[in-house]
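Colleague: In order, the protein sequence lines correspond to chains A and B. Mapping the first sequence onto this note's numbering, position 8 (from 1) lands on 8, and the numbers just tick up by one. Mapping the second sequence onto this note's numbering, position 247 (from 1) lands on 247, and the numbers just tick up by one.
Please keep in mind that the hints were generated in silico from the structure rather than gathered at the bench. It should be emphasised that the depicted structure is a prediction, and the values quoted were computed from it without experimental measurement. Please note: incorrect hints may appear among the correct ones.
Unchecked claim - Derived pair list, reagent style BS3-like, types lysine-lysine, alpha-carbon separation capped at 30 angstroms: (1) A/Lys56 <-> B/Lys44; (2) B/Lys44 <-> B/Lys3; (3) B/Lys3 <-> A/Lys56.
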Amino acid sequence: MFQVRFHGRGGQGVVTAAELLAAAAFREGRHAQAFPSFGSERMGAPVMSFCRIDDKPIRTHEPVTEPDALIIQDPTLLHQAELFAGFSRDGYLLINSAHDFEKLGLDEFIRAVHPSGRDRLLVVPASALALTHLGRPLPGAALLGGFAALTWAVSLESVLAAISDRFRGAVAEGNAEAARAAFAFVRDEREALSHA
Amino acid sequence: MLKQIEGSQAVAQAVAMCRPDVICAYPITPQTHIVEALSAMVSKGELAAEFLNVESEFAALSVAIGASAAGARAYTATASQGLLYMSEAVYNAAGLGLPIVMTIANRAIGAPINIWNDHSDSMSQRDAGWLQLFAETNQEALDLHIQAFRIAEQLSVPVMVCMDGFLLTHASERADIPDPAQVDTFLPRYEPRQVLDPAEPVSIGAMVGPEAFTEVRYLAYQRMQQALHVVPAVAAEFAAQFGRESGGLVRPYLTQDADTIVVAMGSVLGTVKDAVDELRAEGMRIGVLGITTYRPFPAQAIAAALGAGHQHLVVLERALAPGTGGFVTGDLRMALAGQSSPRISTVIAGLGGRAVTRKSLRNLLVKAAAGGLDPFSFLDLDTGLAGRELDRIRAARRSGPSPENMLRDLGVTASRIG
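Generate the whole structure from the sequences, applying the supplied hints.
Modeller: Printed below as a string of structure tokens:
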């Protein structure tokens with residue numbers, strides 16, 4: 001089972017992103033479960049959502065306390081919430097940021113927690129990509145594109161299909177473009193790291 | 001057709017396929033997505049039903065009662081305080097023998113205000129004369145609604161389909177959405193036993209004195225006894241037609257050789273089964289008994305599932321019965337009285353959204369198997385937090401409101417993860 005936890009703020013599409021990831025996995029014939037952190041969500045308040053992917057039916061209904069991957073939609077949460085609780089040592093981390101880990105003040109953490117596997121921990125400027133392609137800073141689809149390039153837990157094609165199932169017209173196209181751009185960005189980041 | 005779908009949407013689609021004539025709704029978290037989806041279907045003309053926005057839950061069920069008495073198939077949904085607010089009508093619907101189907105998106109009851117999941121709301125109305133069916137998964141929630149209309153109309157008794165708020169209602173999972181034609185075959189047109197018709201005027205719900213009130217209640221008792229046969233028969237027919245097991249009275253899992261059996265209802269069963277599989281792999285003989293039909297309480301089916309009844313029963317209660325302990329435990333003791341005297345441990349778990357984790361369940365069950373589990377306990381109780389408040393209460397008369405004191409103690413600004 002592959003378990004993902006999303007952290008963001010109310011209004012950023014944190015729940016939608018988890019549902020899109022589940023839909024993408026479902027399209028690949030896999031079992032998936034997505035659910036929110038069950039708060040009385042308000043715009044701007046810290047929000048979590050979860051997604052599980054497996055090859056067999058998923059029976060558990062507990063929250064994801066030991067994520068294989070963390071997707072941080074809003075880097076301003078980094079020093080407020082317990083984002084890294086239960087994060088596995090060989091887990092994947094994708095942060096929506098135009099800054100690198102050093103500027104985010106996470107360099108030490110990254111080195112300490114993950115001495116190896118540096119290419120599992122990446123940033124992607126998802127909000128900026130969403131602004132460019134969608135016209136609104138909603139980073140969910142872009143993060144999923146980046147997530148596909150980071151983990152290969154789902155393919156970019158499945159993410160794009162889930163987006164086109166969920167949205168219509170310009171919103172669908174903008175989100176798809178943002179996802180493609182983020183996929184390419186993360187793929188290039190990983191290649192650069194592997195040659196470093 | 002297989003779909004990746006939110007529980008509320010799946011239930012709304014199932015309800016729509018049951019072709020209700022009247023849907024009345026008053027929004028309350030976490031039930032709202034269901035009636036929102038139904039109202040969208042009605043406004044788009046996809047569902048030919050009358051959708052009534054009412055001013056309260058009391059009105060929602062009262063409208064359903066009126067509609068049902070006039071021969072309409074009626075549906076509503078609620079949760080928590082909403083169910084309490086309609087309580088008088090809940091008893092009336094049952095007393096009048098009206099086959100209304102109502103979804104309960106299970107949520108805690110205040111005070112303090114809590115929007116999260118436990119079973120307190122359904123438990124508060126468990127003896128109102130409705131059937132109560134508890135869904136383990138979203139697939140089962142969907143299927144139970146289709147079965148509920150069949151059962152309700154066959155018996156002329158209202159049915160509550162209880163599904164865990166958020167854990168199921170807001171979870172996107174894989175579900176097999178049936179073909180509407182299949183549902184039409186399974187669920188024939190509603191033929192009311194009694195109907196308010198201006199052409200043939202009758203009274204329904206008039207006064208009955210001591211001369212016949214006991215007999216009216218006796219018939220209600222009889223109908224519930226009958227339900228114990230109808231529920232499994234409908235589930236069997238459903239399985240034959242739709243090709244999957246859903247509903248029924250109880251669901252044993254690996255109970256045959258078990259020394260310890262966890263008894264539970266609702267979505268926590270999935271997490272319990274994962275924990276049990278792990279412990280089985282480590283050599284523990286442990287099983288699970290899921291109760292799908294809570295009202296009427298399936299005493300015989302439970303006794304049959306337990307066989308000789310020498311096991312240690314660990315009852316996971318998703319609601320606290322203040323002053324007695326647990327609701328399900330009380331029912332179990334009555335059901336098993338005279339047949340055997342199993343050891344029962346009551347565990348109050350998952351109140352107001354506290355996550356029931358596999359890790360906590362493991363620790364609990366290992367302790368139970370080793371004989372170290374108390375007859376009554378709270379799962380994952382923060383004794384330090386409760387203890388500090390008890391100290392404050394002892395130290396000063398005007399110690400203030402306990403919930404707020406404890407939140408201040410925790411410095412809570414956001415809900416915890418698990």
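Colleague: Could you run down the list of hints and mark each one as holding or not?
Modeller: Each hint, compared with the structure:
no., hint, verdict
1, A/Lys56 <-> B/Lys44, "violated (37 angstroms)"
2, B/Lys44 <-> B/Lys3, "holds (22 angstroms)"
3, B/Lys3 <-> A/Lys56, "holds (16 angstroms)"
Hint compliance for this structure: hint 1 alone is broken.
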